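Asks: If you're matching them up, the sequences are chains A and B in order.
The first sequence begins at 89 in our numbering and counts up one residue at a time.
The second sequence begins at 4 in our numbering and counts up one residue at a time.
Simulated from the structure, these hints should not be mistaken for lab results.
It should be emphasised that the depicted structure is a prediction, and the values quoted were computed from it without experimental measurement.
Some hints here could point you the wrong way.
Lysine-lysine pairs mimicking DSS-like chemistry, simulated, CA-CA at most 27 angstroms apart [unchecked claim]:
hint, chain 1, residue 1, chain 2, residue 2
1, B, Lys303, A, Lys205
2, A, Lys175, B, Lys303
3, B, Lys362, A, Lys186
4, B, Lys340, B, Lys370
5, B, Lys370, A, Lys175
6, A, Lys135, B, Lys405
7, A, Lys199, B, Lys370
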Amino acid sequence: MESPKDLNILIVDDEEMICEMFVKWLSLRGHKVQYALDGKKAIRLAKQETFDFVFLDIVMPGIPTHEILEEIREISSSTKVVIITGKLINSGLLNELKLKGASDFLQKPFKLDDVMKLLPDQD
Amino acid sequence: MTKTKILIVEDERITAEAIQTTLEFLGYPVSSIVPSGEEAVKEAKKEKPDLVLMDIKLKGEIDGIEAARQIRSLSDIPIIYITALTNKATLERAKKTAPYGYIHKPIEEKDLFSTIEMALLRRDLELELKESEQYREVVEKARIGILIDDIEGTILYSNEKAAELFGYSIKEIKKQSIKSLVHPDDIKMVAKFHKDCVQGKSVSSRYVFRGIRKDGSIRYLELDAVIHKKGDEVIGTRLYMRDITERKKAEEEKDMLHQQLAHSVKMAGIGTLAGGIAHEFNNILQIIEGHVEFAQRTKKQEDIDEALNIVTSYAQKAAKIIKDLLTFSSVDESTRKKRVNIDELIDSVLLLTEEHFKKRNIEIVRKFQKAPQMEVNKGEMQQMFLNLITNARDAMFPKGGKLKIETKRNRNRVNISFTDTGVGIKKENLSRIFEPFYTTKGAIGKGDIPGTGLGLSVSYGIVKRHGGTIDAKSQEGKGTTFTVTMPVAKIKPKKVIVEK
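Chain A extracted, bound-state conformation:
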């Protein structure tokens, strides 16, 4: 990606306050952030526009996380998907999600810096 500024980011988490937090954090850096509380909306948004990054929670009601992941990656292979997890996940599942296109993992609770490290260099 040539211009690292103003990334288009999608947050997918069923806990709205987590999404809000991302919005606040990433807006501080000038990124464009949207969120979806379920997989259905996430896929719909992904079809409407191309996201640079998607932060996807591992436990989602409705469509299972791995299906949301696959769908998003199918719509746009350039979109990087980071899986957020609130509990320890076994290596089997980790590998499976990696195979399905997850680029990174974030263990809750994480810091703003942990997120920033995943995004292209800001300076």
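Fit chain B to the supplied structure of chain A, relying on the hints for placement.
Replies: For chain B alone, coordinates are given in the frame of chain A:
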């Protein structure tokens, strides 16, 4: 009643016929008349008369005494001698054949009647005695232990088996007190049953106690105690005992396995629960930390204020989760049963799971009829409810749905039902769901959702131990209802008392 048949042995034809006429007049049919000893023995063998009237002096090889001896050696037929002879030597010989009477010639009707009646009475008494001796043998050789004690509990009689049960000889066990054969912890109970029995409060009772053998080892004995009377007076109790130690051991072993199984399932359940709580907690920590960080970086006062408000409200949310968790785990884990309100118990499980369910789009509908108190093991009940609730959750994953929990009183039982709108159970699988290790989840069931196949089998065990039942109705694609039926009344200890 069959009439008494009499055989007459008399070589004088006229006398014989006269006796026959008299007997028939008195109401005794004569089976036959024979003139010799040899024929008498033959006839007694063949006809089996009830009584033989035997003349001592007979023509032929043997006389009446010898004939009587031979008949008595083969049977119990009573013999009455008819004789005109009264010499001492003959009398001595006759005595040795234990005759039932002596009638002197010339025969008088009243003598004949009373002697025959007395002989028949004696025969009946002897038969009874013989029978009671057989009974005595039955008791003595019986394979159940039989003791008879007096009002104080001192053993007056013991059969072979009873002595063997306690490791004593019959001689040693007699004169012992029942108390000395009972485990100290059971003495009070045994004494109470004994007292009730001898005081006439109950005529019989059945219970299990621990017996102490001579060598100090313990046997589990099932006892039937029956009041022992002499006439109208209660003189003690009769005790019938069976050794059920092996059965008891097997039951204990089964219980232990059940407990171990229940424990491992509980651990698995707690693991799942912990996973859910960890997820929720990490979310809260994330929100708190994230907003603190945001507050530190933003320059706008209103953003800072809003962030701090969020931090406070999520800290409170975390405190509530901890409180619910404590409510759930504060339950007494001992195996003792306690009186509880079943609705409150279900609520304590729901408190912990409801938030988690909301996130999975599951709505919980409570329809509690004011349920009566029940005597249950709280920890086990909670575990059973948690199993059924998490099963419903898994059945509705990932679509979500509705879980209706209903309690309804039905006479002295309470029906507790859990109805979900999940995937349902295939008809062919419905009969197997309570089998241990039967599952469609986890590694065994090749499913995405974790599962051990033990939840329902353990739940089944818990319900059964509480004297209840559990069953499932399901329609594929529509949902499943589990109904637990539990007794309201306290489960009484095993005791059978037949009121007087």
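Asks: Let me make sure I understand: some of the numbered hints might not hold for this structure. Which ones are they, in numerical order?
Replies: 2, 5, 6, 7
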